[in-house]
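Visitor: All letters in the sequence shown, in the order written, are residues 1 to 197 by full-length UniProt numbering.
Hints in this document: simulated from the structure, not taken from any laboratory. Among the hints, erroneous ones may be present.
Below 35 Å or equal to it, Euclidean Cα-Cα: the simulated DSBU-like pairs (lysine-lysine) are [said to hold, decoys possible]: (1) K73 <-> K111; (2) K160 <-> K86; (3) K160 <-> K176; (4) K73 <-> K45; (5) K86 <-> K111; (6) K2 <-> K86; (7) K155 <-> K45; (8) K111 <-> K2; (9) K111 <-> K45; (10) K176 <-> K73.
Pair ranges (Cβ atoms, derived) [stated by the list, open to error]: (11) V161 <-> N51: 38 to 48 Å; (12) L121 <-> T4: 13 to 23 Å; (13) T4 <-> V123: 17 to 27 Å; (14) N174 <-> T4: 36 to 46 Å; (15) T163 <-> G60: 43 to 53 Å; (16) V123 <-> N51: 30 to 40 Å.
Everything numeric in this text was worked out from a predicted model, so none of it was measured. From the three backbone atoms N, C-alpha and C, an ideal C-beta is built for every residue, glycine too.
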Amino acid sequence: MKPTLGLISQDGICPISFDFDSAGPIARSARDIAILMDALVDREKATNIPNGTYVSHLTGNFSRIRIGVLEPKEWHMPPVAVAPNKEVDDQQDADASAAYERLNSLVAIVKQVEVASLEELVVDGMSQIQRVMVFSKLSSKDSRFRQAIDSYLLKLEGGKVQTLDQLMQFMRDNAKQEMPPVSQYDTSGNGSSIRHY
Numbered sequence: 001m002k003p004t005l006g007l008i009s010q011d012g013i014c015p016i017s018f019d020f021d022s023a024g025p026i027a028r029s030a031r032d033i034a035i036l037m038d039a040l041v042d043r044e045k046a047t048n049i050p051n052g053t054y055v056s057h058l059t060g061n062f063s064r065i066r067i068g069v070l071e072p073k074e075w076h077m078p079p080v081a082v083a084p085n086k087e088v089d090d091q092q093d094a095d096a097s098a099a100y101e102r103l104n105s106l107v108a109i110v111k112q113v114e115v116a117s118l119e120e121l122v123v124d125g126m127s128q129i130q131r132v133m134v135f136s137k138l139s140s141k142d143s144r145f146r147q148a149i150d151s152y153l154l155k156l157e158g159g160k161v162q163t164l165d166q167l168m169q170f171m172r173d174n175a176k177q178e179m180p181p182v183s184q185y186d187t188s189g190n191g192s193s194i195r196h197y
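Generate the whole structure from the sequences, applying the supplied hints.
Guide: In structure tokens form, the structure reads like this:
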């Protein structure tokens, strides 16, 4: 589950982007998620949380739930994020469609919603998905990831590595222990990084 940004403290968690990071539970049931949310959320700092506990709000059915979904075929990851793979895309499309069908029998409403496409999410000539991608254009000083990781590394007590540049150099210097074959990654900052699996 991805909670609202800021609902759970990010202290000590390695960031990707201050704009999107949100720690949250992964569990097998809604009850397990509610239990974890009760433990993770700091009620003295968080706003917009339910009265009582998350567990106390479990109803046992989905009959009043309304869900907005995206058309899976329109929401594949862009080439800047991951190398295109038709088999993977087709499987994800089929799995998402099957999940939507299953939800139709369980909840009050499943409605397709329209939001700006990834291609439309461009500001100052840069794709916003690219702006927040972990490995995208690491050399760029305005990279949101670079800003987030530098801030995180500076806060680590006793750490010898305090910037992304130092971390990347450490990984190059210790590639046999720290990295898969270098050919898998583009660490030059000239484009996207993950090209092969």
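Visitor: None of the hints should be skipped; say for each whether it holds.
Guide: Tested hints:
A threshold of 35 Å between alpha carbons decides the hint, and for K73 with K111 the separation of about 16 Å falls inside it, so the pair holds. Between K160 and K86 the CA atoms are separated by roughly 43 Å; this puts the pair beyond 35 Å, and the hint is violated. Restraint check for K160 and K176: satisfied, since their Cα atoms lie roughly 20 Å apart, inside the 35 Å limit. The hinted pair formed by K73 and K45 fails the criterion: a straight-line CA distance of about 39 Å is larger than 35 Å.
Proximity of K86 to K111 is assessed by CA-CA distance (about 26 Å); at most 35 Å being required, the pair is judged to hold. Under the criterion of a C-alpha separation no larger than 35 Å, the hint pairing K2 with K86 is consistent with the structure, at around 27 Å. In summary, the hint linking K155 to K45 is supported, as the alpha carbons are separated by about 21 Å, within the 35 Å threshold. Of the supplied pair hints, the one linking K111 and K2 holds, its CA atoms being roughly 20 Å apart against a limit of 35 Å.
For the proposed pair K111 and K45, the alpha carbon gap of about 34 Å is at most 35 Å, so the pair holds. A threshold of 35 Å between alpha carbons decides the hint, and for K176 with K73 the separation of about 39 Å lies outside it, so the pair is violated. In this structure the hint that V161 and N51 lie 38 to 48 Å apart at CB holds, the actual value being about 44 Å. Hint check: L121 to T4, Cβ distance near 20 Å, so the stated range 13 to 23 Å holds.
Our hint of 17 to 27 Å for T4 and V123 holds, since their Cβ atoms are close to 23 Å apart. About 38 Å separates the C-beta atoms of N174 and T4, a value consistent with the hinted range of 36 to 46 Å. At about 50 Å, the CB distance of T163 to G60 agrees with the hint of 43 to 53 Å. The given range of 30 to 40 Å is respected by V123 and N51, whose C-beta atoms sit roughly 38 Å from each other.
The structure fails to meet hints 2, 4 and 10 from the earlier list, while all remaining hints are met.
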